[in-house]
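J.: Take a look at the letters that make up each chain.
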Amino acid sequence: MRGIASFLRLTLRSRARRVAGLIAFGLLFLAAGATARIFTGDEHGHIEMDQIFALGGTTLVSALLLMGWLVGRFPLIAAVVLMAGIFSDDRARGHARIYAVLPHSPVVLYGARFLLLASLAFLMSALLLPMFDIIVLGVLPHATVFALIGGQVIVFGTLTALLSTFTRADAWAALFVGVTGIVWDGLRRVELVAALPPAFRQAVSVVLPPQGALARIETAFASLQPVPWDAVLYVSLYGALLLVIAGAILARREI
Amino acid sequence: MIEFENVTKRYGRRRRVVALRDVSLEVPAGSVWAVVGPNGAGKSTLLALALGFIRPTRGAVLLGGMPPRYHLRDNGAGYLSERFSLPPEWRVRDALRGLARLAGGRAGDADRAAGRFGLEPHLGRRIGELSRGLLQRVGLAQALLVPRDLVVLDEPTEGLDPVWRIRLRDIVADLRDEGRTVIIASHDLGEVERVADRAILLEGGAVREILDTRSGDPPSSWRITLAAPFDRAAEVFPAAAMEPDGTVFTVALPGPAELSERVAALVALGGLVVAVEPLRQPLEERVREALGDDA
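For the record, the sequence lines run as chains H and Y. Taking my numbering, the leading residue of the first sequence gets 1184, the next gets one more, and so forth. Taking my numbering, the leading residue of the second sequence gets 338, the next gets one more, and so forth.
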């Protein structure tokens, strides 16, 4: 265990710049939210869109809406940024071979690294999102926010980690697959893919990230509803499956 | 310790590139072996197969009687990669201590290894700030953090200054004395000759020859160096080939007994002998002979 702890400390040192970048990125949201509240907040602490429009027109309103949308994706961004190169960087730079001659299973080493980085992404998001809500809306967020954060971290963290066993472009590939999942889910909802064979639709929906489940969690969060546990379970199983595949590949992967 | 049984390794999309071709060899435990050959001969591939980083396309590689990855998971190995690197943001002390703990050792092992390779003044520096030579010493230190039965060094002298090359020689000799198995891939044939028991000569992915760098047969020629020219040397060594300055000459004799007798006679006559060196055919020459025109 002492050895794994050392490995994780070194991992943190390698990721220090990314963590600092994510903190700076998060602070930017908080600063923007605080500024909006100072200039346009009402007596309940809510930000008034009319006042924002009066101050900066549609540009400022759009900027705030975009910021709200983006802050909701912070867990996704944090997970992808922290996981990028989780294995592929080591393989490309030859560090994986240094670890491979140590008396540890690579699955255990990289599994521990995954858990550390996923926890970090969760922790940073779990601080940022509630703080943003408190600043912008003046209320404590519903507990569903943690399901939302967990869901995104699990889906995009495991996806990036799995892709990292194949390619150095793991983060970009994860984002591409993620966006494809969002687009596919949108098309499916408005029945634009209804003409495709049902088996094909089913297969694509299973292979792509579970955007439908994530969307249900997000809807529950936005409408202050209880946590949709079935969606959380689906997302967790998806993540577990990707991790098992990644582990199996790692155990046999040439380095 | 390491067995290669008809190992072939192919790379590429259609596996057209043959990196190693039908290699069979056995490296016994407790010996120092070198892997030599021109660029692209398959030296690094051979080491990568021995440590289980890659799998053979055909044949089998066994380390300690089992697949290399299983053996390493239980026993580990010391390993210096070619063009060694670590994350540039790590500090030398943290890197060595972290890797020592990961290797099952303690912080003290890291400090000892740092001392052995003269890294104490650089412990607080980041890896990215180190010169090539210092980085190579960090690589050697991390490879030898804790005692391992198997130590694999890929181009260990690369970037090292002459002083550290000599120290590395001593360290490899210590490893041999401790009964460790050491494998060194190198272009430096002079260095290989000094440290290795045997050298695997690779060419085009095939084993051309396994050269005995410490032949058990006693040499039949010696170079004798005198402190000053001594005319009566010709009385004892009438067939000696004397070099122009009159202090160095080469003799061919049936064996060491005859040599000892003659040297004793030379000393009795008043000759001051400074050195007696056995002459073997240099490895470089033997490699050149083995490779023929390709050398």
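Hints listed in this document are in silico derivations from the structure and should not be mistaken for laboratory results. This one's a predicted model, so the numbers in the text were calculated from it and none came from an experiment. C-beta atoms are modelled at their ideal positions from N, C-alpha and C, and glycine is treated no differently. Check the hints yourself; a few may be wrong.
Derived Cβ-Cβ restraints for the label pairs, each shown as a range [stated by the list, open to error]:
#  : chain 1 : residue 1 : chain 2 : residue 2 : range
1  : H       : Ser1288   : Y       : Ala612    : 48 to 56 Å
2  : H       : Met1184   : Y       : Arg531    : 40 to 48 Å
3  : Y       : Asn412    : H       : Gly1277   : 34 to 42 Å
4  : Y       : Arg350    : H       : His1229   : 53 to 61 Å
5  : Y       : Glu342    : H       : Arg1436   : 17 to 25 Å
6  : H       : Ala1203   : Y       : Met403    : 15 to 23 Å
7  : Y       : Pro365    : H       : Val1291   : 28 to 36 Å
8  : H       : Glu1374   : Y       : Ser422    : 49 to 57 Å
9  : Y       : Arg531    : H       : Glu1437   : 30 to 38 Å
10 : Y       : Pro375    : H       : Leu1195   : 39 to 47 Å
To spell it out: a stretch of chain H is covered by chain Y in this simulated footprint if at least three of its residues, at any positions, have a beta carbon under 8 Å from a beta carbon of chain Y; those stretches are [claimed, not checked]:
#  : stretch
11 : 1188 to 1198
12 : 1273 to 1281
13 : 1317 to 1323
J.: Next, verify each hint and record whether it holds.
T.: Hint check results:
Between Ser1288/H and Ala612/Y the Cβ separation comes to about 54 Å, which falls inside the hinted range of 48 to 56 Å. For the hinted restraint 40 to 48 Å between Met1184/H and Arg531/Y, the CB-CB distance of approximately 42 Å keeps it satisfied. The given range of 34 to 42 Å is broken by Asn412/Y and Gly1277/H, whose C-beta atoms sit roughly 21 Å from each other. A hinted range of 53 to 61 Å holds for the C-beta pair Arg350/Y and His1229/H, which are about 60 Å apart.
Checked against the hint of 17 to 25 Å, the pair Glu342/Y and Arg1436/H passes, with Cβ atoms roughly 23 Å apart. Look at Ala1203/H against Met403/Y: about 44 Å separates their beta carbons, and that is not inside 15 to 23 Å. Checked against the hint of 28 to 36 Å, the pair Pro365/Y and Val1291/H passes, with Cβ atoms roughly 32 Å apart. At about 53 Å, the beta-carbon gap between Glu1374/H and Ser422/Y stays in the expected band of 49 to 57 Å.
Remark: the range hint 30 to 38 Å for Arg531/Y to Glu1437/H is upheld by a beta-carbon distance near 34 Å. Taking the beta carbon of each, Pro375/Y and Leu1195/H are about 43 Å apart, inside 39 to 47 Å as hinted. Counting residues of the stretch 1188 to 1198 of chain H whose beta carbon lies closer than 8 Å to any beta carbon of chain Y gives 7, which reaches the threshold of three, so the coverage claim holds. Only residues whose C-beta sits within less than 8 Å of a C-beta in chain Y count toward coverage, and the stretch 1273 to 1281 of chain H has 5 of them, enough to reach three; the restraint holds.
By the rule of at least three residues with a Cβ nearer than 8 Å to a Cβ of chain Y, the coverage given for the stretch 1317 to 1323 of chain H is violated, with 0 such residues.
Checked against the numbered hints listed earlier, the structure breaks hints 3, 6, 13; every other hint is satisfied.
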